[in-house]
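2 protein chains.
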Amino acid sequence: MENNACTMHSHCIEMTMEVHQVVPPPHMSTLKKLKARLKETFFPDDPLRQFKGQPLKRKLILGAQYVFPVLQWGPQYNFKLFKSDLVSGLTIASLAIPQGISYAKLASLPPIVGLYSSFVPPLVYAVLGSSKDLAVGPVSIASLVLGSMLKQEVSPTAQPVLFLQLAFTSTLFAGLFQASLGILRLGFFIDFLSKAILIGFMAGAAIIVSLQQLKSLLGITHFSNQMGLVPVLSSVFHNIHEWSWQTILMGICFLMLLLLARRVSIRKPKLFWVSAGAPLASVIISTLLVFAFKAQNHGISIIGKLQQGINPPSGNMLLLHGSHLGLVMKTGIITGILSLTEGIAVGRTFAALKNYKVDGNKEMMAIGFMNVVGSFTSCYVTTGAFSRSAVNNNAGAKTAVSNVVMSVTVMVTLLFLMPLFQYTPNVVLGAIIVTAVIGLIDIPAACNIWRIDKFDFLVMLTAFLGVLFVSVQGGLALAVGLSTFKILLQITRPKTVMLGKIPGTDIYRNLHQYKEAVRIPGFLILSIEAPINFANITYLNERTLRWIEEEEDSIKEQSSLRFLILEMSAVSAIDTSGISLFKELKVTLENKGVELVLVNPLAEVIEKLKRADEANDFIRVDNLFLTVGEAVASLSSAMKGQSSTITEGAHTIVSCN
Amino acid sequence: MENNACTMHSHCIEMTMEVHQVVPPPHMSTLKKLKARLKETFFPDDPLRQFKGQPLKRKLILGAQYVFPVLQWGPQYNFKLFKSDLVSGLTIASLAIPQGISYAKLASLPPIVGLYSSFVPPLVYAVLGSSKDLAVGPVSIASLVLGSMLKQEVSPTAQPVLFLQLAFTSTLFAGLFQASLGILRLGFFIDFLSKAILIGFMAGAAIIVSLQQLKSLLGITHFSNQMGLVPVLSSVFHNIHEWSWQTILMGICFLMLLLLARRVSIRKPKLFWVSAGAPLASVIISTLLVFAFKAQNHGISIIGKLQQGINPPSGNMLLLHGSHLGLVMKTGIITGILSLTEGIAVGRTFAALKNYKVDGNKEMMAIGFMNVVGSFTSCYVTTGAFSRSAVNNNAGAKTAVSNVVMSVTVMVTLLFLMPLFQYTPNVVLGAIIVTAVIGLIDIPAACNIWRIDKFDFLVMLTAFLGVLFVSVQGGLALAVGLSTFKILLQITRPKTVMLGKIPGTDIYRNLHQYKEAVRIPGFLILSIEAPINFANITYLNERTLRWIEEEEDSIKEQSSLRFLILEMSAVSAIDTSGISLFKELKVTLENKGVELVLVNPLAEVIEKLKRADEANDFIRVDNLFLTVGEAVASLSSAMKGQSSTITEGAHTIVSCN
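Those protein sequence lines, which keep their order, are chains G and F.
Okay, so the first sequence: first residue is 1 according to this note's numbering, each after it adds one.
Okay, so the second sequence: first residue is 1 according to this note's numbering, each after it adds one.
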């Protein structure tokens, strides 16, 4: 018992108990508040901070460096850095060439468009981008979505030119959308593609993409144009007579080779070049094999004759009117969001790894502008690819110059090496795609989500199943809708928690969480854990009354309920409906003989309450406290007379002087 | 200075400082948690509570009373109550008959449908409804919206039968929608029509409705079929030659009379019967005038011959297929939501006034079932009307029997008095509508909203202008979208607030709000005021780093930053993305030599953090505290050695024993 006395806090009071006032924040004009709010909403990173107090010349230099990050690192560039960038640039080029051809096929575009897209965009990004590790080019997900969405209205085989025009126009819209997100600082839109959604979506997309490759892997010529699981599998099994054993054999061999290479690199990260070089090696070996054995005459389909030369201009191919405009804009926005999400995530990941900063809005502008330029130079949607950036980083890339090296290598290929790809078998391209997308299925991450948050798992599952059974964009929309609905539901049904006093302290905490906490007779102390607004006042009213009724039922024999204390520390905002809740509660409680007491309303809340309550109806000094402890102490002593001792809760009020 | 010493809190410590542990809540299985969550979401009022522990027979009785509230109050019904209900029933009938005819015209339906709708639905509500004051019948807003939406596809003059069929079918869908909201306990949907939206919307609708009445008030025959401000005004001024001075004179006289009556009743609530009786009186006087002076031959348009007899069955008029199904469902849902909102709001208002409880979900079922029955008996959408319920209440209604009295009166009218209305001039009906809807414009409430919450005012204005210039449903959708966007924005850009110590206490509060609060050197104490999830982790990461950078800039000369304390009392929930924020922050902060400390994570948050952190990477006892005070005290003493005194903040650590 001596120890007990020692762990007790003691409050000293002079004459009356010391009670701290809740004060509203200093007055600010509506305009000033609006300005502060807008700044927090659109400029949380305060990008103009570095300009403050600088001379004009310095400001101009900083401005130029802001728009063209190359001006930041360019002057310090040296031969040592270039050596690293050269190696990594050549490495990612060896990956980019076969992937470019494969992904273009995935988007139902001519293979050469994939190479065009690996030439111009990396050059643009090298000048505008702020990430040192991003390797730019076409990516699997955006390719898949672009192809599948455009196929809804136009067949790539029946109207190849129109299809190409739609692809370039979609790229233009994707770029414009991305850049405007950055310029308008609305980057938070891409935050709605949460990690859980992306994991589910990418796994589903990987399966869809792999299934599409069954066409080349099995050598089928008549294949479904649709993307869903069911039509693809049905066209696989309805065309068994088209299966070609030569193709299947070749496919299995190269698939095993590529998967083995991937496994080696995962096991030993130092051997990253094994998986980085494997696709190009496969292409070379398989092309030689086909050429040597004239395999194209034995049931193995090959790419066929390819154009030569660098990107032709495509400004005249942009369709800015006509019946397909709606589809093209939708495709642009969806592929734009998806590729932006990948690009920003990759950029942030490597920036965090190497401890530098990537400005999200700036990156959006860079990627957007890159795609706008791309749409005029025969490129389709590009972004920073995860797999290629990882290789880039592993290969020792130091700056965006590695993108330039890759770009130059692709240019050389386009100018001189295209005839060599004529005999490349499609089956190898299929195997390359399967190997690339299989890494998108992240089962450990899915298990982790299940363990931490069941609802996130549900969102992930929705994205996964939606992509498989509804459509690529449908699955995405369902999952985003579900996770937004969850946020709204959290607001609509905020938690109300009953608090109790932790013995020997002045601390009040959740009775359910802290078993040692005890209740104070005569008081019902609730904590409201959400902003109070139109969406939840009905619920809060009902729920509070139920708390009181339950309380009244349980304490019928004991002393009756005198005070309802609402702890408002977690009520970050309130609107006019929320104000009316307090007015209503006050009336209802008065009918029951219970007094409403508010504790620690935050700046915005106390400000609005005071403004709404000019008549001092429900906000008075005697029902407004800074802490629950002070509220209970003050109200108890008012109830039982000064200098008394509260029996339960081991709280002693001592009078000084 | 002596006083200062006295207001100080003193902490006693035995050997080491007393620090309270943050504990996770007791373990609950996923299923149990899901059950609790579902209960809070769908059954916040715990409607089955009264059934608990009752014998079976009692349970059955309670169940029957739950479905048919009439069984609750019916047995105690007596003659005294009936006398009150008779008076109030007759009063509201005198209002319901002219309003019924007028509102049906507003919906472009035959006038008699308005009377049908005042006969059957009140009877159904009397059995199922739980409000004692609701006076049921057609209302202006739902009538307007029904008419204006159906007119988009079908002309009420060219295809009157089809139009009537669509109206009944819309009523069926409205009823089904309302009832299913109640059965599925999804009543929170109507909460999204916040008070601010309703004020703006109703004011806009009142203006639209009043402008529509210019047709009858000016005696124009060729009038726009559209609802917007512009087309209506243009058709008013393009048809000046159709204006009839006799009609205008009569209109002005009766409008003045009705407005005067309304004013009298507002000034002296005891004279409520003046405005309640005025419409019927106007109808009678104007009919007599027309009849006496054969005014129909002098440019005054009259209702014309009306059918006689009570509601014919209309089950065969419900169109459940065909090309208009989409429109009919949309109309049903929108009028359903609008009429439900009015009905529930009216019920709750009077329940609060008389201190009884209205169960929202039960009311939804009652109103929904009433409309389903209505759609089979030639009625269109009905609900509890505000003006009529107010009259009902003022006239002393005690139970739903007043609805029955009104219903019987309407029946008598339908059976015997219909020929009398033949000569009723349309201009008087127009005046009755204008008088009724003018009360929907609530300028003091709008001013109040402006004073308390500028954003709510913007939402209100959006609803108002949207209704006037876009469309009735468009304005509504815009306003709901805007207010939902605000909620999402609050989550996407949560407030982060810097805390300081209030001298002489252990309380830490917003430095901006509490000017006396002081900062503790070496500590940056931030409070995060929202759940942490996918939508805000990017922002929170950026914002936190900016806080730290600003802090580092400002204290360069002083002692450097050692600890970032995140006060988590307002973080009511977290998801897997939120967890990753802490992992990332931890890494970033370690690079800067700053330690991350969490204070008072709530039940769900600490549970998920612990589950995500099996390796004890970022949640250890030494960076997890129950209060900011304990965290600062403990970390300071760890920093500077035991038994030292923190210079600033007047916090003394005393060692006992």
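Be a bit skeptical, because a hint or two may be false.
[To be verified] Now the stretches of chain G that chain F is said to cover, found in silico as 3 or more residues with beta-carbon under 8 Å: (1) 24-35; (2) 113-123; (3) 162-170; (4) 332-343; (5) 421-433; (6) 511-524.
[Said to hold, decoys possible] Below, computed lysine to aspartate or glutamate pairings styled on EDC-like, alpha-carbon distance capped at 20 Å: (7) Lys-52/G <-> Glu-550/F; (8) Lys-357/F <-> Glu-549/G; (9) Lys-592/G <-> Glu-630/G; (10) Lys-486/F <-> Glu-40/G; (11) Lys-592/F <-> Asp-45/G; (12) Lys-35/G <-> Asp-45/G.
By construction, these hints were calculated from the structure, which means they are not laboratory data.
Each residue gets a CB set at the ideal place from its N, CA and C atoms; glycine is no exception.
Do the hints match the structure? See the list:
no., hint, in the structure
1, 24-35, "holds (count 5)"
2, 113-123, "violated (count 0)"
3, 162-170, "violated (count 0)"
4, 332-343, "violated (count 0)"
5, 421-433, "violated (count 0)"
6, 511-524, "holds (count 4)"
7, Lys-52/G <-> Glu-550/F, "13 Å, holds"
8, Lys-357/F <-> Glu-549/G, "13 Å, holds"
9, Lys-592/G <-> Glu-630/G, "24 Å, violated"
10, Lys-486/F <-> Glu-40/G, "14 Å, holds"
11, Lys-592/F <-> Asp-45/G, "18 Å, holds"
12, Lys-35/G <-> Asp-45/G, "15 Å, holds"
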